[in-house]
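Visitor: In the order they appear, the protein sequences are chains H and A.
Using the numbering used here, you'd call the opening residue of the first sequence number 1 and step up by one each time.
Using the numbering used here, you'd call the opening residue of the second sequence number 1 and step up by one each time.
Don't read these hints as lab results, they were simulated from the structure.
All clues given are correct.
Below, simulated PhoX-like cross-link-like pairs (lysine-lysine); rule was C-alpha separation at most 25 Å, straight line:
#, chain 1, residue 1, chain 2, residue 2
1, A, Lys-359, A, Lys-333
2, A, Lys-170, H, Lys-14
3, H, Lys-143, H, Lys-100
4, H, Lys-32, H, Lys-111
5, A, Lys-7, A, Lys-276
6, H, Lys-32, A, Lys-170
7, H, Lys-14, A, Lys-109
8, A, Lys-139, A, Lys-17
9, H, Lys-100, H, Lys-111
10, A, Lys-170, H, Lys-5
11, H, Lys-32, H, Lys-72
12, H, Lys-125, A, Lys-260
13, A, Lys-7, A, Lys-260
14, H, Lys-143, H, Lys-125
15, H, Lys-100, H, Lys-154
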Amino acid sequence: MDEVKALVNGLANKHGRTRESLLPILQGVVDKMRYLSSEAMTEVARELDLSAAQVFGTATFYSFLDTQPRGKYVIRICKTISCDMHGKRDVLQTIEEILKIRIGETTSNRKFTLLETNCLGWCHKAPAMLINDEPYTELNADKVRDIINEYIRK
Amino acid sequence: MNEKTLKRVDIIFTPEKNYNEVLERTFRRPNSDILNDILDSGLRGRGGAGFPTGMKWKYTADQESENKYVICNADEGEPGTFKDRQILTQVPYKVFSGMAICAKIVGAKEGYIYLRGEYKYLQAEIEEELNIFHQTLDKLKFHFRIYLRMGSGAYICGEESALFESMEGKRGEPRNKPPYPTVSGFRGQPTVINNVETLVYAMMICDMGPEQFKELGSKDSRGSKVFSVSGDTPIAGIYELELGMHLENFVEDFGDGDTKAVQVGGASGFCVPRKKFSDTIIGFEGVPTGGSMKLFNSSRSMYHVLQNYLEFFEEESCGQCTPCRVGCQQLLKGIEAVKKGKKNSAYLDRLIRLATTMKYASKCGLGQSVGNSFVSIVTNFREEMIY
Ligand SMILES: Cc1cc2nc3c(=O)[nH]c(=O)nc-3n(C[C@H](O)[C@H](O)[C@H](O)COP(=O)(O)O)c2cc1C
Ligand code: SF4
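Build out the structure end to end from the sequences listed, making use of the hints.
Guide: Written out as structure tokens, the structure is:
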């Protein structure tokens, strides 16, 4: 709780306390915590003198501002047509098998969350995914197995 | 591959070492001269809508205000478009220079780049380059600063007024138009918002003069354009090509020999079937595109393609206006029902009417363009929707 308070306070000092600071602050919280807890959103509302509803309403508009608990590593696999045409299903299945979770779920150790997302802008190197901010492209079952295993060891 | 029929152009990605010289030269010229060059070049926006860039700058310059803004739209959310990232990574100083030149003409002191959250891994790099660029501007005694703002995974924030809302810390819900951004944009002030690529062309026109640019392309579509080529092609990638090309020639160069359709302009663009390749021109006089060219060969189900696009729109609709919010859902449910045999084929005609209504009744470009892909896919591949 105090950790959240300190984080939000630090972000507000950096980005300011106007309405325009709201998105950078929420993005900063997600960077650190991977999601926006209700404590975090209430704290942001208090810092910026907004209602909690305004903060929640803004956050839920953006697909990368998760309001559900997420793992340390959020995997977002592109589901748009090019990736779909170039073997996204194999890649997804491989991840599901390794991590034993399905889309929308988080591993019980809170390390990984698996999500789908819309076009990541890597259609010429499909299929693609993000792990947190990092893009991975030209994936296949073998390649994604190596990548995920590397994160497991981290 | 056989000999290429299309002319490759190299303007956008040429080395940018001398960007400061171009700025120095341009800053010395009267605004009206620069503006005349941009107008004369015939440059139109590369973000999709194709508004004449010189006019946009002129309208903003004509406004009285102490606070004007130049915004670079790097939201690049249209499925199948991936050229703006490449431009920003390969020639960032050209993009910034385009913004600075625009700022000089319209009288702006602040600029912003709105970069989609999916490209966050570039943030630190761009911020560093902006620092260097600001030093160049200081040396040239030009007072202008560019700030980077990040998106957070919302396609609609590429729509200009939704982008302003987002930059103001709100939900990315498009505003009513008019007023247009040139009158009331970011913070309610006169604002130029341009696509990444448009800004580079503007800068390059200042560098090489309008003549060389004008020689390329066709009457309604001057110059060249950066295309994002993907799908069933052996050479997917980013290519700068002359505008006004025939789709048939494009398919000859990029197809895999079995191309049955090309989706021009992404999910909100048009699907052109094989039989129309020969009489389709890529440009504002024919089928316009923000750059996305997606090829499909005969192994692909166009039903599946359309379903994928509609799922995209259903998720990305901001939900603010009913025709789009409910329309996207109903179009998706509708084609699924026809496919499953729960509705007969005539139902497709009702769906086409719905898509057409959305074009007129939706508040912004998202809802207005769902019908582009819907109607072109359903009419050209009707049997695939049913069986
Ligand atoms: C739903 C929607 C999404 C859009 N996304 C983008 C985008 O990602 N990048 C872009 O430059 N323009 C996008 N546009 C177009 C912008 O609203 C605007 O017209 C453009 O940035 C103007 O720049 P230009 O004149 O240089 O083309 C989008 C429009 C709509 C309706
Ligand atoms: S057309 Fe769609 S995206 Fe645009 S304002 Fe209406 S609901 Fe929102």
